[in-house]
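Engineer: Sequence:
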Amino acid sequence: MNLTNISCQLQTSTCRHLTSYIHETLHFWHNLIKEKLSKEFSDLLKQLKWPFYGTNTTSVNASTTETLTRFKILIKYLFHLQLPEEMIKPVVTSVLLTDFAPVSLPVVFLIRPFRQRFIYHFTGAKLTNRQDKPEWFFTQILTWIKDHAQWVEKNVQPVADSIGLEHLDMKAEFMRALVQLAVEKLHSELPVVQYDDTLFAHLVDEALGFERELRETLLYPQTQPATIFILTQAHIFVKWINMEKKYATEKMDAILSSNMAWERLTGSDVDDMKITECADAFLTLLTTISDRYKHLPQPGHRLQFLELQLELVDDWRVRLLQLLHESYEDPLTSLIPHILNTLHYVANVLEEWGVTVHFLQLHFFKKQFETVENASDKGNDVNENIGEIEGTVFDEAVALLRRLEKELINEISDSVALDVKAKSRAYRTDKWFAMQSSKEVASLSVTPSGCPMFQELATRLHTLHNILALPLFNQAWKNLAAQLDQFLFEEVVLVNHFNNGGAEQLQYDILRNLFPLFGLYINKPDSYFPLIKEACVLLNILTGSAILLEEALNNNDKNESTQILADIGVYKMSAKLALKVIETRTDTIHT
Numbered sequence: 003m004n005l006t007n008i009s010c011q012l013q014t015s016t017c018r019h020l021t022s023y024i025h026e027t028l029h030f031w032h033n034l035i036k037e038k039l040s041k042e043f044s045d046l047l048k049q050l051k052w053p054f055y056g057t058n059t060t061s062v063n064a065s066t067t068e069t070l071t072r073f074k075i076l077i078k079y080l081f082h083l084q085l086p087e088e089m090i091k092p093v094v095t096s097v098l099l100t101d102f103a104p105v106s107l108p109v110v111f112l113i114r115p116f117r118q119r120f121i122y123h124f125t126g127a128k129l130t131n132r133q134d135k136p137e138w139f140f141t142q143i144l145t146w147i148k149d150h151a152q153w154v155e156k157n158v159q160p161v162a163d164s165i166g167l168e169h170l171d172m173k174a175e176f177m178r179a180l181v182q183l184a185v186e187k188l189h190s191e192l193p194v195v196q197y198d199d200t201l202f203a204h205l206v207d208e209a210l211g212f213e214r215e216l217r218e219t220l221l222y223p224q225t226q227p228a229t230i231f232i233l234t235q236a237h238i239f240v241k242w243i244n245m246e247k248k249y250a251t252e253k254m255d256a257i258l259s260s261n262m263a264w265e266r267l268t269g270s271d272v273d274d275m276k277i278t279e280c281a282d283a284f285l286t287l288l289t290t291i292s293d294r295y296k297h298l299p300q301p302g303h304r305l306q307f308l309e310l311q312l313e314l315v316d317d318w319r320v321r322l323l324q325l326l327h328e329s330y331e332d333p334l335t336s337l338i339p340h341i342l343n344t345l346h347y348v349a350n351v352l353e354e355w356g357v358t359v360h361f362l363q364l365h366f367f368k369k370q371f372e373t374v375e376n377a378s379d380k381g382n383d384v385n386e387n388i389g390e391i392e393g394t395v396f397d398e399a400v401a402l403l404r405r406l407e408k409e410l411i412n413e414i415s416d417s418v419a420l421d422v423k424a425k426s427r428a429y430r431t432d433k434w435f436a437m438q439s440s441k442e443v444a445s446l447s448v449t450p451s452g453c454p455m456f457q458e459l460a461t462r463l464h465t466l467h468n469i470l471a472l473p474l475f476n477q478a479w480k481n482l483a484a485q486l487d488q489f490l491f492e493e494v495v496l497v498n499h500f501n502n503g504g505a506e507q508l509q510y511d512i513l514r515n516l517f518p519l520f521g522l523y524i525n526k527p528d529s530y531f532p533l534i535k536e537a538c539v540l541l542n543i544l545t546g547s548a549i550l551l552e553e554a555l556n557n558n559d560k561n562e563s564t565q566i567l568a569d570i571g572v573y574k575m576s577a578k579l580a581l582k583v584i585e586t587r588t589d590t591i592h593t
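First residue of the sequence shown? That's 3 in the working numbering, and the numbers climb one at a time after it.
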């Protein structure tokens with residue numbers, strides 16, 4: 003220790019010969035003692051049956067107290083034998099390995115048997131050294147870490163702590179030294195396999211899986227280097243992201259061309275959403291990509307993968323559009339409902355993803371990069387352009403999906419409305435002016451001419467409910483209700499004349515047939531048919547009341563007219579429309 007202290011004190015000395023002599027002397031004794039301790043340490047490791055494997059993983063527990071005591075004494079000697087940091091010249095085989103800080107001398111000796119075995123099995127012409135099986139060497143490293151890291155923490159860390167080296171994390175050092183073996187192997191394999199897409203893709207998969215296992219299961223510190231930084235070398239990263247795009251596009255084609263693409267997922271928790279196999283598979287594809295790049299330390303690299311995901315979402319939307327161009331007769335029996343459910347579910351999930359920590363961080367970085375770029379182009383101060391960041395990374399993509407979703411909902415609603423209207427001719431042209439009143443019949447029943455129309459409506463609503471996700475069905479029936487309300491008001495009420503029996507019959511049809519059809523799916527369906535509902539009120543008030551109401555509405559006082567209509571239960575209809583309805587009654591005299 004005295005020589006070490008003297009060496010450190012002479013670092014800034016101008017006495018070069020003295021400094022050189024001290025350094026040489028220090029190295030001489032250091033190497034001599036290290037060689038002696040190395041042999042003794044190797045013998046001791048054999049007694050401990052280190053490394054542990056197979057049946058000897060439990061033998062360490064049976065190690066004698068004397069053996070472990072001697073082991074810890076040697077560990078302490080090795081810590082004391084450590085050269086000053088400024089005198090250590092780390093052996094670096096590649097500039098990419100400079101992130102791996104040198105480990106302490108005890109770890110060097112502990113790792114040596116592993117390195118020997120690793121080199122034996124995974125270099126040269128050994129059967130275990132196969133380019134198509136990178137998982138073999140990655141798995142070997144993970145197994146060694148699982149079998150030995152806790153033991154190192156239990157038996158080596160206390161020794162370091164006892165001599166004032168609490169700042170050293172022996173478990174992390176041991177893991178880092180083993181990880182370096184995998185990184186060196188990965189670095190040597192990449193130049194060979196990068197020209198074979200299959201081998202390259204498999205190697206990247208295994209490297210990412212190795213990193214994920216290290217970080218998430220073995221709790222390898224985030225500050226310690228692993229395999230990711232090898233994959234983010236410029237030329238390797240470009241190859242990687244192009245490969246991701248290629249395979250993702252191929253996977254997307256396979257998803258959409260699958261015979262099961264439009265089948266629904268089963269399960270009580272997904273029934274209302276009518277989730278399709280292809281929607282689930284596409285989101286799984288995006289999730290897989292996220293899992294592969296989420297450990298990348300540089301925001302710029304993660305943003306490039308995000309752009310790939312956004313590009314895939316847009317490609318997905320375009321492909322669905324192309325499928326919509328196929329000819330069909332009935333939208334309800336075509337792919338439209340399945341595509342609608344797919345669009346809706348994917349848009350919902352993207353909205354949920356957008357507010358997760360992962361994508362909020364990416365949104366922040368994306369806006370920051372854009373701000374810096376814009377400021378640089380305009381020569382402005384960057385800090386002046388940074389404001390509050392709103393929205394998510396998926397806002398634009400979701401907006402396009404929602405726009406297409408709305409168009410398809412309108413198309414389906416319009417189609418159903420046309421089918422219902424097509425069955426309404428007899429109902430619209432019925433003799434409303436000459437129908438029997440409730441006093442003249444035993445009981446009212448649905449108008450016979452309206453049966454085809456109401457039957458068509460019931461069938462179509464049932465079909466919509468069965469094929470559309472619940473939120474989409476809710477949009478569809480609201481659109482349909484609005485169209486039917488307008489249609490019945492304009493094509494039945496305003497173009498016909500009603501006697502008392504006709505007015506009663508229309509009201510019966512609406513209250514006892516139309517509303518209950520929608521009432522199967524919603525509460526208070528009457529609130530979605532304001533025109534026809536209030537028209538029935540105006541057609542069924544007493545004759546005298548109708549005449550007085552007509553006179554009151556003709557006084558042109560808007561506020562007073564609104565109040566008068568409200569008193570009889572008419573809240574939405576204007577005075578002008580109310581007068582038109584009253585004029586269709588046969589029991590009022592019009593001048």
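Because the hints were derived from the structure by calculation, they are not lab data. There's no promise every hint is true.
[As the list claims (entries may be wrong)] Derived EDC-like pairs: lysine to aspartate or glutamate, alpha-carbon spacing no greater than 20 Å straight-line: (1) LYS433 <-> GLU372; (2) LYS253 <-> GLU218; (3) LYS241 <-> GLU252; (4) LYS423 <-> ASP332; (5) LYS247 <-> GLU354; (6) LYS296 <-> ASP416; (7) LYS423 <-> GLU458; (8) LYS574 <-> GLU442; (9) LYS480 <-> ASP397; (10) LYS253 <-> ASP317; (11) LYS423 <-> ASP487; (12) LYS135 <-> GLU208; (13) LYS296 <-> GLU309; (14) LYS425 <-> ASP487; (15) LYS574 <-> ASP559; (16) LYS135 <-> GLU186; (17) LYS253 <-> GLU191; (18) LYS582 <-> GLU552; (19) LYS135 <-> ASP45; (20) LYS433 <-> ASP293; (21) LYS148 <-> GLU68; (22) LYS241 <-> GLU313; (23) LYS408 <-> ASP397; (24) LYS241 <-> ASP207; (25) LYS296 <-> GLU279; (26) LYS241 <-> GLU279; (27) LYS148 <-> GLU191; (28) LYS253 <-> GLU354.
[To be verified] Label pairs and their computed distance ranges (CB to CB): (29) PRO53 <-> ASP317: 48 to 56 Å; (30) LYS578 <-> SER447: 51 to 59 Å; (31) LEU420 <-> GLU328: 16 to 24 Å; (32) ASP149 <-> THR71: 19 to 27 Å; (33) TYR197 <-> HIS123: 23 to 31 Å; (34) THR141 <-> ASP332: 40 to 48 Å; (35) GLU562 <-> SER447: 55 to 63 Å; (36) GLY302 <-> THR225: 52 to 60 Å; (37) THR141 <-> THR225: 23 to 31 Å.
What you are looking at is a predicted structure, and each value in this text was computed from that prediction instead of being measured. Glycine included, C-beta positions come from ideal geometry on N, C-alpha and C.
Engineer: Given the hinted pair LYS148 and GLU68, is their alpha-carbon gap at most 20 Å?
Structural biologist: violated, 26 Å
Engineer: Would you check the hint for LYS241 and ASP207, treating anything up to 20 Å between C-alpha atoms as holding?
Structural biologist: This hinted pair holds, its Cα atoms lying about 13 Å apart.
Engineer: Would the pair LYS241 and GLU279 pass a check requiring their Cα atoms to be no farther apart than 20 Å?
Structural biologist: Outside the cut-off at roughly 30 Å; violated.
Engineer: If you draw a straight line from the CA of LYS425 to the CA of ASP487, is it 20 Å or shorter?
Structural biologist: OK: LYS425 and ASP487 at ~16 Å, within 20 Å.
Engineer: Hinted pair, alpha-carbon criterion (20 Å max): LYS408, ASP397. Please report holds or violated.
Structural biologist: holds, 16 Å
Engineer: Check whether the Cα positions of LYS135 and ASP45 lie no farther apart than 20 Å.
Structural biologist: Outside the cut-off at roughly 34 Å; violated.
Engineer: Would you mind confirming whether the straight-line C-alpha gap from LYS423 to GLU458 stays at or under 20 Å?
Structural biologist: holds, 9 Å
Engineer: Between LYS296 and GLU309, does the CA-CA distance stay at or below 20 Å?
Structural biologist: holds, 14 Å
Engineer: Given the range 40 to 48 Å, decide if the beta-carbon distance of THR141 to ASP332 lies inside it.
Structural biologist: Check failed, 55 Å falls outside 40 to 48 Å.
Engineer: Measuring from beta carbon to beta carbon, are PRO53 and ASP317 in 48 to 56 Å?
Structural biologist: holds, 49 Å
Engineer: Holds or violated: the 51 to 59 Å window for the beta-carbon distance between LYS578 and SER447?
Structural biologist: Taking Cβ atoms as reference, LYS578 and SER447 lie about 34 Å apart, which means the hint is violated.
Engineer: With 52 to 60 Å as the target window, see if GLY302 and THR225 comply at their CB atoms.
Structural biologist: violated, 20 Å
Hints 1, 2, 5, 6, 8, 9, 17, 19, 20, 21, 25, 26, 27, 28, 30, 34, 35 and 36 from the list above are not met by this structure, while the remaining hints are.
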